[in-house]
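2 protein chains.
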Amino acid sequence: MASLTPKEKIALITRNLQEVLGEDIIADVIEKQNRPLKIYWGTATTGRPHCGYFVPMTKLAHFLRAGCEVTILLADLHAFLDNMKAPIELVQHRAKYYEFLVKSVLKSIGVSIDKLRFVFGSSYQKSEAYIMDIFRLSSIVTEHDAKKAGAEVVKQVASPLLSGLIYPLMQALDEEHLGVDAQFGGVDQRKIFTLAVENLPSLGYKTRAHLMNPMVPGLAGGKMSASDPNSKIDLLDSAADVEKKLKKAVCAPKEVEGNGVIAFVEYVLIPISELGAEDGKARFVIEKDGQEIVYETIEKLKEDYIADTIGPKELKVATTLALNKLLDPIREEYANSPEFKEIEKLAYPPPPAPEKKKKEKKIGTGYVAKKKGEVDGQAAPTTVDLPVAAPGPSTPAAQGLPGPYLRFTEAIQNGKVSAARDALKAIERIGVAPAKLRELKGQLSDLEGIDRAGRE
Amino acid sequence: MASLTPKEKIALITRNLQEVLGEDIIADVIEKQNRPLKIYWGTATTGRPHCGYFVPMTKLAHFLRAGCEVTILLADLHAFLDNMKAPIELVQHRAKYYEFLVKSVLKSIGVSIDKLRFVFGSSYQKSEAYIMDIFRLSSIVTEHDAKKAGAEVVKQVASPLLSGLIYPLMQALDEEHLGVDAQFGGVDQRKIFTLAVENLPSLGYKTRAHLMNPMVPGLAGGKMSASDPNSKIDLLDSAADVEKKLKKAVCAPKEVEGNGVIAFVEYVLIPISELGAEDGKARFVIEKDGQEIVYETIEKLKEDYIADTIGPKELKVATTLALNKLLDPIREEYANSPEFKEIEKLAYPPPPAPEKKKKEKKIGTGYVAKKKGEVDGQAAPTTVDLPVAAPGPSTPAAQGLPGPYLRFTEAIQNGKVSAARDALKAIERIGVAPAKLRELKGQLSDLEGIDRAGRE
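So the protein sequences, as listed, match chains H and B.
Going by the numbering used here, the first sequence opens with residue 459, and the numbers climb by one from there.
Going by the numbering used here, the second sequence opens with residue 459, and the numbers climb by one from there.
To be clear, the hints were calculated from the coordinates, so they are not data collected in a lab.
Each hint should be verified, as a subset may be incorrect.
The list treats identical chains as interchangeable, and a pair is accepted whether it falls inside one copy or across any two copies.
[As the list claims (entries may be wrong)] Cut-off 30 Å, straight-line C-alpha distance, at most; resulting in silico cross-link-like pairs (DSBU-like, lysine-lysine):
| id | residue 1 | residue 2 |
| --- | --- | --- |
| 1 | Lys613 | Lys490 |
| 2 | Lys496 | Lys465 |
| 3 | Lys664 | Lys584 |
| 4 | Lys606 | Lys705 |
| 5 | Lys584 | Lys605 |
| 6 | Lys702 | Lys774 |
| 7 | Lys702 | Lys565 |
| 8 | Lys613 | Lys649 |
When you get a sec, could you build the whole thing from the sequences and use the hints?
Right, dumping it as structure tokens:
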């Protein structure tokens, strides 16, 4: 708002954050240079954005309200490179889907998005200037430091890929190539932020400020994961689904630490109600015994929750109501926008229909039939793990047929070690990208570990 | 030669090599496809090419004689990235200098260079297609495998740089982007070659053959190093210098293993005399007691050397004569080519003239004067270590003045630990690229180690 003083702007920008590096940079831009702070937030466009995205979105709303110029980096290239799980066209569709959804979410929480800019990573991360900067940065950052930087962000596996060392460098360079003053992210990004602070000056670039959100537990308990459909509430889930999933959410009575529902109220619902209020006061309503209790601060709510004045049930009902109120305009926009629907279909194409039971018959090219003995005799797959095959013989799944990958996923989910081992053999035989194979083998070892542990 | 049979071509291509991977690929191209084998050899354009370059050049002569299409990759980008010791313009001048010199060497040994192609790394290694391939490859190669691949090629230091992990990937990708059938290098490249064999197919690219030279000891004993002027014979050294340096060469009587002079005869002088002979027979002449002994094989020469029939002195004289005969046309070409001389000057600019003794006077901006106390009181520097400062305050040396870097080099050379430590402090204070600083600190630790060891 034009009416905010510089001090108020800075307070709003840093509200609810766990840590800020380079506050002087922010103060300099807003107080001395008297211009909008330019800030970026990046997201790899892989799984569907879920309700956990409300947390950073709420901060983006703060930034926009404080007059910042906000850039959202749709990191399609990162998403593509993350084990090459999806082809570049697919992650670019996903980036567009993210753009639709993020705009919709921000509109839903009542923020003007005039100063919001979306940038596709692939639009500049393949440029000569960017590449030379990756090369230059790789010549001053040690392996050790790159590894350390990604420790909390890059998936830690037994045989880490080289790409995991390049990512932190790219994230640092994005600050320069997006022309921002500050980067925003979760506190899990801290080491990457530090890498940027320590190394950008060596390339002749200025140091940026870094704004860090605390790590907020997911609504369903633990980290909300996009890849497990049962652990997350999709931004386009129906009101009934939201109610159902919240009912199942972990929410221990009298416990506020690690309580995802309380955290959602604290980091999303209260700040948003505050942004939308004419008097600037937060307002979160819980109904108990037919009476409305209005909370203006999270502290009061936590107090009552610890004292058991309000319990998980009332809290969940209130949260469901408030969340559905936020999701309603998003669902509505989706329902009324053919483009939105179209891009959703392109970004997350439905899995190939499971083959109907005709097991006696040879299927398609006969390729599957040849493998039949190894992968047969299992129920139709319930989830689809998009296969990435190395150029070579097409996999059954690539031909729209359920194949060993699906069976592997299935076996994994049901904890069937021997079935998974058979499926892996079949997968190895049909030719598969090494990264994928490694991933599957890792999953199998995990499963075997569980299996052994279970037997002991 | 058009007159060589396919079998003869293959024999010539693989002659004197220690190892060949993918001989079937070579046979397929030459015998089945009946076309010239396309092969590449890469060199990072840093220090001046010295006489050690005759060893791979002799193999290139074989390839060309066997009708191969030979590509020389002038890896200017690699050179630039190698700790960013020299700016990109400088390494590109050096790449041009390499091109002049390599052509001159090949002409000197009598090979047609019609089928020789020079490619600058920077001409395609910054392209979108190449970069995407680096990204893709980094997503299937593990950190561990990239590290292992570079183990014998990338300088092993306490804090290895990330660039050292990217180099092997680039060297592998160059095979595809240069469109060759085979890569040639020393056997020290073996692990990088293996990385290429194992991973290019995952990107949908074909597997290349790999031709490996044995590791040949330098003329001056040990590895011939471009960075130590005393350990190497420059391709443009005068006849007198060659004589002088060969006289100093390590060449133990009766020992042929690890004997750089014998190795030079084996891998350069004998093969070249053979290429130039009308009857195809090698001929290496040693004068002893006024009589000429003609060697047609290295085996006979080694036999006589072990038996002490010929000693280091006769061998050195004969080698000096033969080497000078090879160098004469190169020197002549240089002397008669203004372009050659011009590019040499641009590639290896003379160090700034050492400041004359005017110590009482303030120099230039006064910047040096401020540091006087720390770096003063030492003799004028004899060698110049081109400083690469981070953008920021100019270093004295960047202004053509002797500065802390020179003093550091000087102190290092004279083993003065405390002087070097003072110089390092000054260097840190004037702002310096971290990679450079790390390097200098490493040198200082080494020196301190020596110092301590000396004191014990």
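For the identical chains here, do Lys613 and Lys490 meet the 30 Å Cα criterion within one copy, between copies, both, or neither?
neither (41 Å within a copy, 47 Å between copies)
30 Å Cα cut-off: does Lys496 pair with Lys465 within a copy, between copies, both or neither?
So Lys496 and Lys465 pass the 30 Å test inside one copy only (17 Å; across, 67 Å).
Between copies, within a copy, both or neither: which fits Lys702 and Lys565 at Cα up to 30 Å?
Within one copy only: 25 Å inside, 81 Å across.
Checking an output row: Lys613 and Lys649, CA cutoff 30 Å. Within, between, both or neither?
both (14 Å within a copy, 27 Å between copies)
Regarding Lys702 and Lys774, is the shortest C-alpha distance of 30 Å or less found within a copy, between copies, in both, or in neither?
For Lys702 and Lys774, only the intra-copy Cα distance (10 Å) is at most 30 Å; the inter-copy one is 90 Å.
Pop the pair Lys606 and Lys705 into one bin, within, between, both or neither, using alpha-carbon distances up to 30 Å.
Classified as neither: same-chain Cα gap 39 Å, cross-chain 52 Å, threshold 30 Å.
When Cα atoms must be at most 30 Å apart, do Lys664 and Lys584 count as within-copy, between-copy, both, or neither?
Classified as both; 22 Å inside a copy, 24 Å across copies.
Within a copy, between copies, both or neither: where do Lys584 and Lys605 come within 30 Å Cα-Cα?
This pair counts as both: shortest intra-copy Cα distance 23 Å, inter-copy 25 Å.
Checked against the numbered hints listed earlier, the structure breaks hints 1 and 4; every other hint is satisfied.
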